[in-house]
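The listed protein sequences correspond, in order, to chains A and B.
For what it's worth, my numbering labels the leading residue of the first sequence as -15, then goes sequentially.
For what it's worth, my numbering labels the leading residue of the second sequence as 489, then goes sequentially.
Quick caveat, the hints were computed from the structure, so don't treat them as lab data.
C-beta atoms are modelled at their ideal positions from N, C-alpha and C, and glycine is treated no differently.
Just to be clear, a hint being listed does not mean it is correct.
[To be verified] Computed footprint of chain B on chain A, listed as stretches where at least three residues anywhere in the stretch have a Cβ under 8 Å from a Cβ of chain B:
hint, stretch
1, 0 to 8
2, 25 to 31
3, 72 to 83
4, 134 to 141
5, 196 to 207
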Amino acid sequence: MGLKFTFPGRFVSPLGFLGMITFVLFIILGITGALLMLFYEPELDRAWNSVQNINNVIPYGFHIRNIHYHASNAMVMVALLHMYYQYFSGRYKIRNEILWVTGILLGVLTILEAFTGYDIIFSERAELAISIAASLTNSIPVLGPQMRDAFFGGGFHDFVLRFYAFHVFFLPIFLLGLMVVHFPRFLVFDVPMVMAISGAIMLTGGVFPVDLGTKFDPASPPGITVPEWYLTGLYAFLRTMFDKFVTGVAWPGLFIAALLLVPFIDRYKKFSWKDRPIVTAIGITSLAQIMVTTYWGFYIDPDIKKALLERLVIDPIFFYLVMLLLVPLSFGFTYMMIKLAKNAEANKKLQPKKATGKSSINLSQKWIYIIFISLLGFQVYLNIMAYYAVLNGMKNFSLFIIGIIMLVFAGMFHIYRHGRTMAKAPPPPPSKPLIPPTAAKTSPLPPKPAASAPSTTQRPLAAPPVQKATGNQPSSSTSNPEASSKTQARGAKEAKDADTHNATTSPSIPRKEKPE
Amino acid sequence: MVAIEGSGKVSRRDFLKLLAAAGTVLTFVPFVDWGKFLPNPAGKVASRAKVELPDGTQANVKTFQVNSSQAVIYPKTNDPTLNKESFRIWQFIRLPEELGGTKNDVSAFRMYSMVCLHLWCLWKYWPDPGRKRGECPCHGSMYDPLTGKAFAGPASLQAPPSNVLARLDLETDSDGNIWIKPPNFSPDANGVVGFGRFLKE
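For reference, chain B alone in the conformation it holds in the complex (with noise of 0.2 Å):
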């Protein structure tokens, strides 16, 4: 462009087809914002959710046991079959004690999804004296319930981000009710699940 100007030698049809040129650029800019079609927005929640636990009541920080844990869907909806999708399931985890689990605020709870990030089965939180860890069924990746980080197992050989679970953060209100703040799912924030998340520290 620069050189064009400096040299002043832009014949007629030349600019009339940079016009042209420009013409379709900004004709087709608008529908580069429509690319956000493609990606399902049903896991972007605006609002904070409850922490809803298989019972149908939520979470709270004075009744939930330390040590213990609970699958929770997560966004919920009203279809079953989306409900059961493994995208959707959480482990809501109260620390055991050794770890900060009896503290009577949110930093006592984890949430980190259920989906295994070696191959993508469900895990879940083994409370057992001596085990205290996240195990996949299928081939025995083992997670850190503290960051969510595996530490046995193939999915501790996955290099970053693909070694620590997606994790959600919680809040809790004056009745000590905990709420799951909305996610940013992106692997440098809450992290992708079934991918992974950066760890910071």
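Just chain A, same shape as in the assembly (with noise of 0.2 Å):
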């Protein structure tokens, strides 16, 4: 494969490459199962008491596990919002058919892999999860049983050994052979972006640690548990009582198959949202239904007067009412959304842009310093509490710092980028102003927008000569490049950088920029 990696030179939006970070959670998921798997023992009797004792004896157990955990939540999470991402920008559009496909199948893929992993904990929401999935898969017309037969096994023993046999190997596998189909040419790793998204994913794990649940025993009865949460929404259908197989495998297949139909009935020839209001409504709709059914599957009445059942189960005229209702309303905020940013489109067009429009933070080569270095200190005391939390049997905390120094690594690269970039940058070219006093400002030509942000931002102080220069120049507003020799240097490198700036959504440009 002609599989590239790029590593911006500067911070671009995370919206381009989320499809990125769900591979970069797919590997931390990798190397943390691996090291679950030394522990974890996949049979009835002792799966649950092997999990215990990672959480509980093993050291660091606690924080693989909860890391393990967490990041699988992420990856689904993150693989949605990319999926959405793509979908509201067109980007299945010209010839990346294949790429929507592979993807769809492999966030199907992604889910099964999360619910079988926490179903191998055979904890008593484990087995609850596993029998509706059993009985979802006897449900099926003719084939259910016996398709039940051979992918489940025979028992609880089969299950929990095949459910870890899908988990560790059938499943992953699948998911890296799509994905060498899924993957585009470039791959865009923002080193800062990695890291933040694991601290994130430590500090979850430190502040809302997973619990164990309970040991399932079949003589006693189980406790209320709902599943995780991307199958709260099927678990609400399911709840409604109506039949098995129309709730809970006709529904979802529907969705699913409806999604991979997605290109092919989306017949725009425009990428934006604005321009493809069905597919825009259509889209909203589904997100909007989507977190209506992912909350109601999480709400059961707090009545505990009541039967369990009275409280477990769903009106489903009420239920089927509000998700048809959700589809005018979603329709209606597509058109007001639409309209809205037509509008601002339309006005923007109308008036010149503002100077101030779009600027980046730039630093002084001595507050670079100054940052850096205090991050730097911040980070050696934190590895003392770390120390500390560790020495004091604080699992959470100190998992919770860990995240924290990866979340201040984070900050220390992004800076450490910056600052090299700005060092390499070619020295400045004689000084003149990039903007042409006054004549410039009347042609229909808008100003670069942050030719002049570096002076407000590296300079706060020099104010007489912006004052003076504002004075020539009724329309821009803040500040004039002809403020010194040496901010005029940093402007004009700023204004090429705001320029690709503005950009850097499009795949193509990360590649442009390549550091050593």
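Starting from the two chains in their separate frames, assemble the complex, guided by the hints.
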């Protein structure tokens, strides 16, 4: 494959490489999962105990398990966001249909992967999930029971062992195979963003450590449990107590089939969501329905005086009515958004661009050093904290701090990269204002937006020349490049930078930047 | 195929392609049966098996009390972990008097999977007067000992076949010992453990 990793030289919008983040999370999951395999025992009687052992006894088992758990949730979430971003930006057009189709399959497999993962703990919740999965498979007409037998095996012992096999081998292999087809040629590997995501996962793991649940005991009543958030939508449908096959197999199957067909149904010639009203409206509707059903699946009537069944069952008429009601609401919302966006666009065209519209934070060398060194000091402090947290057995706290260390590292890397870009900038050409005085102001072409920004951010106290300049040019808002030759040099560089900055979401841009 | 033969316009290349396709299909046909690798054969028992009570004796028509029950492992293995498996645990019931439990033949006995059809807890038979039914401790599904059909609780609301327990067919020998006939675990016959059985009546 002509696969290339590119390391962008500056911050680019993360929306464009959500897919890359999904892949990074997949790698994190692979590593932590492989480590967990050393202690996990996929056996009916010992599965839960071995997870408990990992969590409570094995040094750093708690950390590894929490990273694995939260990364799996993050992977599903990021994959979903990735899908919706691609959907609304119409990236599946221009012969990218195969990327979209493999992407949907990857998404389905990712959810199955996450699902089998939380089932093999074999807690009460896992058992409920397995039993629902098995009964849904059984409910498939004609072939159901045979399929149950073939894929799930004969009983709990088989279920745990097979789910384990699926989780650690079959599904990841399928995922990898599909990824080979799915990957575009360029993968934007943004180090700070990857570090920040990893840090965020650890931080979440420290604040919300995942529990073990209760060991499944077939003789004692289980507490009320709901599945993981990516399945509560499906769970809400099941809770209407309507036919299992229809609610649990046919509806999600239809949803997936509809997603697969999207690139072949969407015949709009344009890419932007604003120019594809119907497709956008359908996307918004699906988002709204996913959110409502996901929440509904979580909601259980808190009144404990009622019978359990009464609390669990969702009234199908009410439920489907709300789903239907969301359709016109979402279409209306989309109509409004498109109208607002188009108005804003028109207004933008009418009015000259403001010079301060798109400014990037620009630090002088001195401040870069100061921030870098203080972050380094902060990291030393955090390391000592993490060390003491481990010594005192405060697992959550140490995981939390390590998460922060990762985030700080992300910040440091970002600043380091920023400093390098600035250092590598070509020597400034002899200072001449980028914006010709007065004449350019009235020309139809608006001035380069970021040209004047650096002088404000870098030397906020350089007021007098600015004032003088604005006196000359009434329509230029804040400052003028006449300020000083040094500032001007930065300004010119930054203007170039800002220009490319505006276009970073296009896939080919990061390729241009290849440091080292 | 018919159209091709009728028109007689099969070129040599097409014919070779057809042969290649047929050859490919034939090469892989024997592998279809290898799909039997997937289901676990441990649940299949070819010959009849004893109803082995927890105390190690074989259940007998003459000694087993009316309106009582025992948990029986079937198919039993030498592996204690596998024997703990819910899917191998069956409730062996001698029906109460009013349901014909006093008869000294196999019609007085029933054997149902103990896995509740709702969410796979283990139900059991309650012989107390006024109860005399199978009850699940988890969400209160209740089963009729005569047919294995759920008549109350969440399991009773499930569509067939998921409202009737899987059962095993029994037979007795001349000494009154009770045996389990080789089962056919399909919804139309003995039923599927944890899924259910179509009730024929």
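Hint by hint, here is what the structure shows:
1. Counting residues of the stretch 0 to 8 of chain A whose CB lies closer than 8 Å to any CB of chain B gives 0, so the stated coverage by that chain is violated, three being the minimum.
2. Requiring three or more residues with a Cβ within less than 8 Å of a Cβ of chain B, the coverage given for the stretch 25 to 31 of chain A holds, as 3 such residues are present.
3. Check result for the stretch 72 to 83 of chain A against chain B: violated, 0 residues qualifying (beta carbon to beta carbon below 8 Å, three or more required).
4. Three residues within the 8 Å Cβ limit are the bar, and the stretch 134 to 141 of chain A against chain B gives 7, so the coverage statement holds.
5. Residue count for the stretch 196 to 207 of chain A with a Cβ under 8 Å from a Cβ of chain B: 5. That meets the three needed, and the coverage hint holds.
Hints 1 and 3, counting from the list given before, are not met by this structure.
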